[in-house]
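Start from chain A and add chain B according to the hints.
Chains as they are written, first to last, in our numbering: chain A, 362 to 841; chain B, 199 to 695.
Hints are supplied without guarantee of correctness; some may be wrong.
What the hints assert, rightly or not - In silico lysine-lysine, DSBU-like type, Cα no more than 30 Å apart, as pairs:
| id | chain 1 | residue 1 | chain 2 | residue 2 |
| --- | --- | --- | --- | --- |
| 1 | A | 414 | B | 685 |
| 2 | A | 414 | B | 330 |
| 3 | B | 307 | B | 328 |
| 4 | B | 436 | B | 303 |
| 5 | B | 271 | B | 330 |
| 6 | B | 436 | B | 307 |
| 7 | A | 414 | B | 328 |
| 8 | B | 685 | B | 662 |
| 9 | B | 271 | B | 395 |
What the hints assert, rightly or not - Listed next, the stretches of chain B that the computed footprint assigns to chain A, with coverage defined by at least 3 CB atoms under 8 Å from CB atoms of chain A:
| id | segment |
| --- | --- |
| 10 | 206-218 |
| 11 | 362-371 |
To be verified - With beta-carbon atoms standing in for the labels, derived distance ranges:
| id | chain 1 | residue 1 | chain 2 | residue 2 | range |
| --- | --- | --- | --- | --- | --- |
| 12 | B | 297 | A | 402 | 32 to 42 Å |
| 13 | A | 527 | B | 392 | 51 to 61 Å |
| 14 | B | 391 | A | 556 | 32 to 42 Å |
| 15 | A | 646 | B | 324 | 21 to 31 Å |
| 16 | B | 388 | A | 417 | 25 to 35 Å |
| 17 | A | 556 | B | 307 | 48 to 58 Å |
| 18 | A | 394 | B | 208 | 25 to 35 Å |
| 19 | A | 664 | B | 223 | 48 to 58 Å |
| 20 | A | 402 | B | 208 | 52 to 62 Å |
It is worth saying that the hints were derived from the structure and are not from the lab. The beta carbon of each residue, even a glycine, is placed where N, CA and C say it ideally should be.
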Amino acid sequence: MTAISSQPAARPGTGGAVAMPRGRRRTELLMLIFAVGVVLFAYANVGFGLNGKLPSGLLEYGLAFAAIILVAHLFVRRFAPWADPLLLPLAALMNGLGIVMIYRLQQSGRNGNPGNQISTLSSSATAMQVLYSAAGVAAFIAVLVFIREVRVLQRYTYTLGAIGLILLAIPALLPASMSEVANTGAKIQIAVGGFSIQPEQFAELALAVFFAGYLVTKRDVLSLAGRRLAGIDLPRARDLGPVLIAWGVSLLLLVFESDIGTSALFFGLFVAMLYIATQRTSWLLIGVLLFVFGAYVASKLFSHVGARFTSWLHPWAGNNPTHLAYQTVQGLEGLGFGGLLGTGLGHGQPFWTPLVQSDFIMTAFGEELGLTGLMAMLLIFGLIVERGLRAAIAVRDPFAKLLAGGLSFAIALQVFIIVGGVTNLIPLTGITTPFLSQGGSSLIATWALIALLMRVSDTARRPAPQPIQDEGMTQVVRAG
Amino acid sequence: MNRALYRLSLGCLAMFVLLLINVNYVQAFEANSLANRPGNARTFSQQFQYQRGSIIATGVGGNKTIAESVPIKGTNMYQRFYPGGATYAPVTGFDSIYGATAIEKAYDKYLAGTAPSLTVHNLISLLTGKPKQGATVYLTISPKAQQAAYQALLADGGHQAAAVALDPSTGAILAMASYPSFNPNRLATLNGADLVKADNELLKDPNQPLLNRAINETYPPGSSFKVVTGSAAFSTGKVANPQTTVPAPQPLILPNGHALNNDGGETCGDGHPQIIEAFWLSCNTAFGQIGMNLGARTLQDYATRFGWNNPNLTIPMPVSPSITPLPPGEPPDKSLTAYMAIGQYSDGATPLQEAMDAAAIANHGTLMRPYLLDQVQAPDLSVISSTTPSVLSQAVSPQVAGDMTQMMIEVTQNPGGTAYQTAGPPTVGSLVIAGKTGTAENGVDNSGLDDAVFTCFAPASNPKIAVGVIVKGGGFGADAAAPIAVKIIEAYLGGHQ
Numbered sequence: 362m363t364a365i366s367s368q369p370a371a372r373p374g375t376g377g378a379v380a381m382p383r384g385r386r387r388t389e390l391l392m393l394i395f396a397v398g399v400v401l402f403a404y405a406n407v408g409f410g411l412n413g414k415l416p417s418g419l420l421e422y423g424l425a426f427a428a429i430i431l432v433a434h435l436f437v438r439r440f441a442p443w444a445d446p447l448l449l450p451l452a453a454l455m456n457g458l459g460i461v462m463i464y465r466l467q468q469s470g471r472n473g474n475p476g477n478q479i480s481t482l483s484s485s486a487t488a489m490q491v492l493y494s495a496a497g498v499a500a501f502i503a504v505l506v507f508i509r510e511v512r513v514l515q516r517y518t519y520t521l522g523a524i525g526l527i528l529l530a531i532p533a534l535l536p537a538s539m540s541e542v543a544n545t546g547a548k549i550q551i552a553v554g555g556f557s558i559q560p561e562q563f564a565e566l567a568l569a570v571f572f573a574g575y576l577v578t579k580r581d582v583l584s585l586a587g588r589r590l591a592g593i594d595l596p597r598a599r600d601l602g603p604v605l606i607a608w609g610v611s612l613l614l615l616v617f618e619s620d621i622g623t624s625a626l627f628f629g630l631f632v633a634m635l636y637i638a639t640q641r642t643s644w645l646l647i648g649v650l651l652f653v654f655g656a657y658v659a660s661k662l663f664s665h666v667g668a669r670f671t672s673w674l675h676p677w678a679g680n681n682p683t684h685l686a687y688q689t690v691q692g693l694e695g696l697g698f699g700g701l702l703g704t705g706l707g708h709g710q711p712f713w714t715p716l717v718q719s720d721f722i723m724t725a726f727g728e729e730l731g732l733t734g735l736m737a738m739l740l741i742f743g744l745i746v747e748r749g750l751r752a753a754i755a756v757r758d759p760f761a762k763l764l765a766g767g768l769s770f771a772i773a774l775q776v777f778i779i780v781g782g783v784t785n786l787i788p789l790t791g792i793t794t795p796f797l798s799q800g801g802s803s804l805i806a807t808w809a810l811i812a813l814l815m816r817v818s819d820t821a822r823r824p825a826p827q828p829i830q831d832e833g834m835t836q837v838v839r840a841g
Numbered sequence: 199m200n201r202a203l204y205r206l207s208l209g210c211l212a213m214f215v216l217l218l219i220n221v222n223y224v225q226a227f228e229a230n231s232l233a234n235r236p237g238n239a240r241t242f243s244q245q246f247q248y249q250r251g252s253i254i255a256t257g258v259g260g261n262k263t264i265a266e267s268v269p270i271k272g273t274n275m276y277q278r279f280y281p282g283g284a285t286y287a288p289v290t291g292f293d294s295i296y297g298a299t300a301i302e303k304a305y306d307k308y309l310a311g312t313a314p315s316l317t318v319h320n321l322i323s324l325l326t327g328k329p330k331q332g333a334t335v336y337l338t339i340s341p342k343a344q345q346a347a348y349q350a351l352l353a354d355g356g357h358q359a360a361a362v363a364l365d366p367s368t369g370a371i372l373a374m375a376s377y378p379s380f381n382p383n384r385l386a387t388l389n390g391a392d393l394v395k396a397d398n399e400l401l402k403d404p405n406q407p408l409l410n411r412a413i414n415e416t417y418p419p420g421s422s423f424k425v426v427t428g429s430a431a432f433s434t435g436k437v438a439n440p441q442t443t444v445p446a447p448q449p450l451i452l453p454n455g456h457a458l459n460n461d462g463g464e465t466c467g468d469g470h471p472q473i474i475e476a477f478w479l480s481c482n483t484a485f486g487q488i489g490m491n492l493g494a495r496t497l498q499d500y501a502t503r504f505g506w507n508n509p510n511l512t513i514p515m516p517v518s519p520s521i522t523p524l525p526p527g528e529p530p531d532k533s534l535t536a537y538m539a540i541g542q543y544s545d546g547a548t549p550l551q552e553a554m555d556a557a558a559i560a561n562h563g564t565l566m567r568p569y570l571l572d573q574v575q576a577p578d579l580s581v582i583s584s585t586t587p588s589v590l591s592q593a594v595s596p597q598v599a600g601d602m603t604q605m606m607i608e609v610t611q612n613p614g615g616t617a618y619q620t621a622g623p624p625t626v627g628s629l630v631i632a633g634k635t636g637t638a639e640n641g642v643d644n645s646g647l648d649d650a651v652f653t654c655f656a657p658a659s660n661p662k663i664a665v666g667v668i669v670k671g672g673g674f675g676a677d678a679a680a681p682i683a684v685k686i687i688e689a690y691l692g693g694h695q
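This is chain A alone, in the form it adopts within the complex (with noise of 0.2 Å):
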């Protein structure tokens, strides 16, 4: 198979006869430079912050952080030049202030910087994090190199599937001292010496994939009417059997991991892409009430799930560190303490709320950003949503067409849960918050992810097969 791009006919910008759409890569270019500046004056902004100096890693870091991100660019051009423009610099920006933040809260109480000290982040994290972005980018680039058609994925669905199920199983076989994230009950990780993946991260796109695949073939049974309820259409009962089989598996997910994040966000995710595949509005009434129910009765029949709720309802009833809901307390305080424009980087004093870096870093960017800082960046995230649901939208492929309209809406999901949870707009359950919290597994399925809805919208936007030739009738199609 040759690669398209390698025939000069079909680089963007060059035109036949016809006028070309144009693969708009020296926008993206022009757009990453801009990110990557926002990234490194808000490293420096650190540094100032702390003890008005220039942080020290940032000709390191700030080069390491440009030139992955300029491979990235240089493989777009390479693999997908008709991809949206604009979801590399975005995930960039993310990826990009995520890495300052985690600096900022490892030079908290360290290095002679005043804050306290967070125990719970080695002194290292901040180079860590550059490598998880390496490999983040590295996984980005792997989908589009080895995946130059999504469809090809579809070959796969039941591999992928059976892969899915057995990366969430996996923690919960395993023995706790294994699988426990520490201090949160939550089993979710594998960890060997002093490394641990958390495999959830990765389920969640192979699951996608399978839900996709799965869904094509059956939509049309899917689609098909069974009674007529109050205006309403429901499904036939024995159509029923996929929808239950997912919730099923996400309140396993619930019991056995202690992981409701993630078990809402696959469960969204499915009845999202089952609503996508088979615009039945009965299916995501049933989901939706399906949640409720098991979320109900979870919460009563366990104690762990139990407790979110209450903490959620009353979290000022318990503003001790012993107290389950002292994290969004603190976490709450924080974004007060930030206010309209924010402390200022460096300025706040983020440390007070555990584990900051992880779930509720987005309070510390609410903290020392203000409300302006947090918007903006909910709008970011908001912005990838929007650039994946128009490639979606656009993409002719029925199969690339619901994988990018559930990936997008898992971003929008996974953002609403974390960044809602610990806002206490909804019960807090753990989640990571794309391409912000501290960690790789996260990072580096949110990088691929990315990939795969760059590699949609470049399908979506690759213009027809050009003739090459006007003679006639007789047309030479160059082969796609």
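Using the frame of chain A, we list chain B on its own:
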């Protein structure tokens, strides 16, 4: 499938809109109430991360810093230091990691730099890269008077006591001392365990060192209340002038059949003395009879004009109201009214009130509102707040104030006056102090030691300072309380010249 995708996009939009609304609510609307929540670690630790403003006493005796924030070596934190220690503790209070008291609490917003009037200054410091700094609070306290007051209370020998000195013409508080006091430096520690230990010790101490007796404890005023009774008698015309004779039998048989005695059962002159003589001798029967003639309501009315019965007085610390409750009955019981007139019913006065009584007379009958704040200076030395003296009430007319001054001078200048020995020529020479002693019996059946009270101002011809002193269980007001007042006056006027 695109229709579903469009709808799903709306769903995503809704989620983001919800998040945006919620963060707006938390960060814009709830920010203040979050900051003020008890136990907010950020607000709380923030105050130790920059230099809190100093508190400086500015009156006679030169500027003296009585509270300042000093950097702790090896950290970026500041700790409060009180160079004046226990002497100034009732004024400064303390600023601990668990909260603040007195001036530290009342002017916290200025000292911490969070007052709205400091916003612009803070912004400029932020932009110019200067560290944020609190404003400096200048108090009217005179280091000379304050030092003398605390030393005098300390020298008195272990009685619970307090003294307040005022500038009668403005109401500025020149001294406010209380004994026993405490060392605020012990409570300024940033070490929570040390703080709890020190705090527990102070709270358990039966002598209540944390209590500011000058404004937060009331004592029976005893005969010092005759200043109010006399003022009411002149103001109502029941007694025409200091030379008017008044009945002063020994004893005075009250309507309820009890006998009211003079101190020690002594006769009061010839039994029909001029009121001025009854005043310098402090005859209970004469003033008991005057009180019955005036009635309890009139007495209460005039006490209120002198600042009694005011639950809302702040300096800016809230002042416990000095009280003159009415005796029971309608009209109020006559016999008990006689006791009320000599400060022996259920009256209770703070040492500040004793100073205010004298200050009102000294200032031609006009009582000025007592205050501690001279001014607040932003770090750039601009004045962002200052006190303009204001009238609290017109206690009596200048005419009556003149009559009362005449009577109060005799207390110290007449060889028969109760304070002749301790505040008169034998002690202070040519300086004329106008005052009134009080020796309040208390305890069950008056078995307790008498409380000593002295209210006075000086110099009598041109009053610069009014002082109220109460020594619990001190005995005779003239013996225990007057010398303390004299020391404060001498220190203040001596520093003045």
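Each hint, compared with the structure:
1. A/414 with B/685: Since the Cα atoms of residue 414 of chain A and residue 685 of chain B sit roughly 57 Å apart, the hinted pair is violated (cutoff 30 Å).
2. A/414 with B/330: Within the cut-off at roughly 18 Å; holds.
3. B/307 with B/328: Within the cut-off at roughly 19 Å; holds.
4. B/436 with B/303: 46 Å, violated
5. B/271 with B/330: Holds, at roughly 19 Å.
6. B/436 with B/307: Cα-Cα ~51 Å, so violated.
7. A/414 with B/328: Holds: residue 414 of chain A and residue 328 of chain B sit about 15 Å apart, inside 30 Å.
8. B/685 with B/662: 15 Å, holds
9. B/271 with B/395: 23 Å, holds
10. 206-218: That given contact holds, which follows from 10 residues of the segment 206-218 of chain B lying within Cβ reach (below 8 Å) of chain A.
11. 362-371: violated (count 0)
12. B/297 with A/402: 32 to 42 Å: Holds: the Cβ-Cβ distance is about 40 Å, inside 32 to 42 Å.
13. A/527 with B/392: 51 to 61 Å: For residue 527 of chain A and residue 392 of chain B the Cβ distance comes to about 57 Å; the hint holds.
14. B/391 with A/556: 32 to 42 Å: Roughly 40 Å apart at Cβ, these two residues keep to the hinted range, so it holds.
15. A/646 with B/324: 21 to 31 Å: Violated, since residue 646 of chain A and residue 324 of chain B (Cβ atoms, about 53 Å apart) do not stay within the stated range.
16. B/388 with A/417: 25 to 35 Å: 30 Å, holds
17. A/556 with B/307: 48 to 58 Å: 51 Å, holds
18. A/394 with B/208: 25 to 35 Å: With a Cβ separation near 34 Å, residue 394 of chain A and residue 208 of chain B satisfy 25 to 35 Å, so the hint holds.
19. A/664 with B/223: 48 to 58 Å: About 30 Å separates the Cβ atoms of residue 664 of chain A and residue 223 of chain B, which means 48 to 58 Å is violated.
20. A/402 with B/208: 52 to 62 Å: 35 Å, violated
The structure shown violates the earlier hints numbered 1, 4, 6, 11, 15, 19 and 20.
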